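Student: Construct the complete structure from the given sequences, taking the supplied hints into account.
In this note's numbering, each residue's number is its place in the sequence shown (first place is 1) plus 97.
Everything labelled a hint here was simulated from the structure, so no lab data went into it.
It cannot be assumed that every hint is accurate.
To be verified - With a straight-line Cα cutoff of 27 angstroms, these simulated BS3-like cross-link-like pairs (lysine-lysine) come out:
# : residue 1 : residue 2
1 : K210      : K251
2 : K210      : K239
3 : K251      : K239
Owing to the predicted nature of the structure, the values given are computational and were not obtained by experimental measurement.
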Amino acid sequence: MLTAVLLTACSSGHDSTTSAAPGGGSSPTAQTPTASGNTASPGPSATSASAAAGYPTTEAAPGAAVPQVRDAFAVLQATYNDGCTTPGNCEYFLTRVLNNLDDLYNSMKVSPKGSGHFAGPLNWIRAMQDTLAGDFSFPNLKRHRELLLGTRDKVNTWMQSHPDDYR
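Tutor: And the structure:
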């Protein structure tokens, strides 16, 4: 019985290749990126700049807690072992960096240390998000590759000087 419950929970998770149908149970302010990089249009109540730009790029499971900063940072650091040098891997890599930065942003925003502690990284990630303007298509990510990787590197440098935030 436990297996059936787990399988049901896993099969009802977020599918990043499709957009939610209107009235299909997703938040009216949420946008879901599709495989082509386009996003569904927000509902009429979308008011935040984040929602208008299509952030967050990843959606947590219902009821799941936002990861701690150290965990989100560890996932971002793993992108240093990857890149656009492997044929056919660049789209996956750039999307991964974008999603990991977005997840780290969300973790920093809800950290018990307060968003003021993470002001620099939050500003850099927000500036990157604003520049992308909700366009998660591979051509746009490729065009902004230096910005994505530069933001990742600046955040990494900042975090390395704050080891208490990731240990």
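Student: Would you mind marking each hint as holding or not holding in the structure?
Tutor: Each hint, compared with the structure:
1. K210 <-> K251: With Cα atoms ~20 angstroms apart, K210 and K251 stay inside 27 angstroms; holds.
2. K210 <-> K239: Cα-Cα ~34 angstroms, so violated.
3. K251 <-> K239: holds, 19 angstroms
Violated hint: 2 only; the structure is consistent with all others.
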